[in-house]
Structure formats: structure tokens, C-alpha cells
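Participant: Taken in order, these protein sequences are the chains called S and C. If you read the first sequence in my numbering, its first letter stands for residue 1, the second for the next number, and so on. If you read the second sequence in my numbering, its first letter stands for residue 113, the second for the next number, and so on.
A few of these clues could be false.
[Claimed, not checked] Derived lysine to any residue pairs resembling SDA-like cross-links, with alpha carbons at most 20 Å apart:
hint, chain 1, residue 1, chain 2, residue 2
1, C, 126, C, 175
2, C, 169, S, 45
3, C, 126, C, 171
4, C, 121, S, 45
5, C, 121, C, 131
6, C, 121, S, 101
7, S, 54, S, 80
8, C, 121, S, 3
9, S, 3, C, 172
10, C, 169, C, 180
11, C, 183, C, 126
12, S, 3, C, 171
13, C, 169, S, 103
14, C, 195, C, 183
15, C, 183, C, 129
16, S, 3, C, 114
17, S, 3, C, 175
18, S, 3, C, 183
19, C, 121, S, 39
20, C, 195, C, 114
21, S, 3, C, 129
22, S, 54, S, 30
23, S, 52, S, 42
24, C, 195, C, 180
25, S, 3, C, 153
26, C, 121, S, 30
[Unchecked claim] These stretches of chain S come out as covered by chain C in the derived footprint (C-beta under 8 Å, 3 or more residues):
hint, segment
27, 16-25
28, 51-64
Treat the hints as calculated values from the structure; they're not laboratory data. Glycine included, each C-beta is placed from N, C-alpha and C at the ideal position.
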Amino acid sequence: LAKTTQPISMDSYEGQEVNITCSHNNIATNDYITWYQQFPSQGPRFIIQGYKTKVTNEVASLFIPADRKSSTLSLPRVSLSDTAVYYCLVGDLNTGFQKLVFGTGTRLLVSP
Amino acid sequence: DGGITQSPKYLFRKEGQNVTLSCEQNLNHDAMYWYRQDPGQGLRLIYYSQIVNDFQKGDIAEGYSVSREKKESFPLTVTSAQKNPTAFYLCASSTLSDRESYGYTFGSGTRLTVV
Numbered sequence: 001l002a003k004t005t006q007p008i009s010m011d012s013y014e015g016q017e018v019n020i021t022c023s024h025n026n027i028a029t030n031d032y033i034t035w036y037q038q039f040p041s042q043g044p045r046f047i048i049q050g051y052k053t054k055v056t057n058e059v060a061s062l063f064i065p066a067d068r069k070s071s072t073l074s075l076p077r078v079s080l081s082d083t084a085v086y087y088c089l090v091g092d093l094n095t096g097f098q099k100l101v102f103g104t105g106t107r108l109l110v111s112p
Numbered sequence: 113d114g115g116i117t118q119s120p121k122y123l124f125r126k127e128g129q130n131v132t133l134s135c136e137q138n139l140n141h142d143a144m145y146w147y148r149q150d151p152g153q154g155l156r157l158i159y160y161s162q163i164v165n166d167f168q169k170g171d172i173a174e175g176y177s178v179s180r181e182k183k184e185s186f187p188l189t190v191t192s193a194q195k196n197p198t199a200f201y202l203c204a205s206s207t208l209s210d211r212e213s214y215g216y217t218f219g220s221g222t223r224l225t226v227v
């Protein structure tokens, strides 16, 4: 399983764009990149998933360079409610994401 | 609505007692997982199951046991052998056959405290 590295914490202010970068140098050909968000005392929830280039949904964008050794989660115009821990994971979609490895994630604090 | 239900939300246990955490899903997912989370830490895998009547140990299985008698249910028993059971426990599920799957769906967790 590919290991991921992401910053431990980030600070931002309301209305700013936040970019969280994740390194996954050993990503395999079949691996997808998925980001989860976790609020205190809740289970993580899916944010966005991608394989290459750029993916955008109503919540975030995911940028993946051609070599796929890193990815960047972009949160446009954050609000206080975006304060949470964000996890970057890689896994083989074809095997149903067995044994996903969650690191310590990035703790994002959004201030007024 | 489909989802995963964990119960209870809060659980208190005396030292030396076994306790069972419930996890039920109605998503028709094949695989189910149990994770443990300690304060300020990531999630660590305890056990996982890909099909009924089969399960495998994760990274921290000692002191825990599971069963998978039904596709919908994957209860976790925290035994008296678990030396530090106070933690937040999360159950998750995923489908093994849908290539458009969004990975894991998590329950809302059970916070276990040993008193």
C-alpha cells in the first residue's frame, strides 16, 4: 500500500482558498487518490476521488500532476465549518479499497 | 436512507469486562471494517471482513474479536485482554464489485470509556 505524507496542520481565514498537498511517491498504477474529511467525534466522510489530472465537485477540486506522485486538495472560499481533519489515501479501486491506511491527516483550522 | 449504524454512541465499561459494539449496514456492501482512533491520531485497522463468515486481523487485533454471520452485521467485542480500550471506534463498509465506488462509508462511531 502506498504511504502518504501530508502537513500536520494548516491555518486559514474565512473566504480564503486552501490547498492541502499530499505526497504519495510509491503510488501504483491501479491506485486512486481519495480525500476524506473528519469532524470531531464523527466518522470520516468522502470528499473527492481522482486518478489523474483534475477532478471537481460541488465541495472541492483535486489536482493530480502527470507523475501522480502527489495530489492537491483545493477548498475554495473556506468557512468556519470547514475546520476539520483531512485525510489523503491511495488505494486500488479494483480491490474495493481493502485495508486503507489512514495517516494522522491535516488538521485545518479556519478562523474568522 | 442507506447507511451504517453504530450503537451505542457512548459506552462505559468496567475493567475486566467484555463489551460488544454493534455495526449494521443496509448498503449491501460486501466488506466491513473496524478502526480505532485515539485522540489526535489517525485511524488504525482492527479487523476487516470481505465476505460472510470470513474475517482477517488488521494492524491492532490483539484484545479484540469479531464475527460476520450476516452480510449486514459486523459486531466488535472488546475483551478484557485489551489493555487500553478507551478510544473512539469506527465501523466502515465498502463494495468490492463497483468500480465507481467512493471507497469507504463510515458510521458515526462509538466512544468507549473504561471506568
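Participant: Now look at each hint and say whether the structure bears it out.
Facilitator: Hint-by-hint comparison with the structure:
| no. | hint | result |
| --- | --- | --- |
| 1 | 126/C / 175/C | holds (15 Å) |
| 2 | 169/C / 45/S | violated (24 Å) |
| 3 | 126/C / 171/C | violated (25 Å) |
| 4 | 121/C / 45/S | holds (18 Å) |
| 5 | 121/C / 131/C | holds (13 Å) |
| 6 | 121/C / 101/S | violated (24 Å) |
| 7 | 54/S / 80/S | violated (26 Å) |
| 8 | 121/C / 3/S | violated (31 Å) |
| 9 | 3/S / 172/C | holds (18 Å) |
| 10 | 169/C / 180/C | holds (13 Å) |
| 11 | 183/C / 126/C | violated (31 Å) |
| 12 | 3/S / 171/C | holds (15 Å) |
| 13 | 169/C / 103/S | holds (19 Å) |
| 14 | 195/C / 183/C | violated (30 Å) |
| 15 | 183/C / 129/C | violated (27 Å) |
| 16 | 3/S / 114/C | violated (31 Å) |
| 17 | 3/S / 175/C | violated (27 Å) |
| 18 | 3/S / 183/C | violated (30 Å) |
| 19 | 121/C / 39/S | holds (15 Å) |
| 20 | 195/C / 114/C | violated (35 Å) |
| 21 | 3/S / 129/C | violated (36 Å) |
| 22 | 54/S / 30/S | holds (17 Å) |
| 23 | 52/S / 42/S | violated (29 Å) |
| 24 | 195/C / 180/C | violated (24 Å) |
| 25 | 3/S / 153/C | holds (16 Å) |
| 26 | 121/C / 30/S | violated (37 Å) |
| 27 | 16-25 | violated (count 0) |
| 28 | 51-64 | violated (count 0) |
Of the numbered hints stated above, those contradicted by the structure are hints 2, 3, 6, 7, 8, 11, 14, 15, 16, 17, 18, 20, 21, 23, 24, 26, 27 and 28, listed in ascending order.
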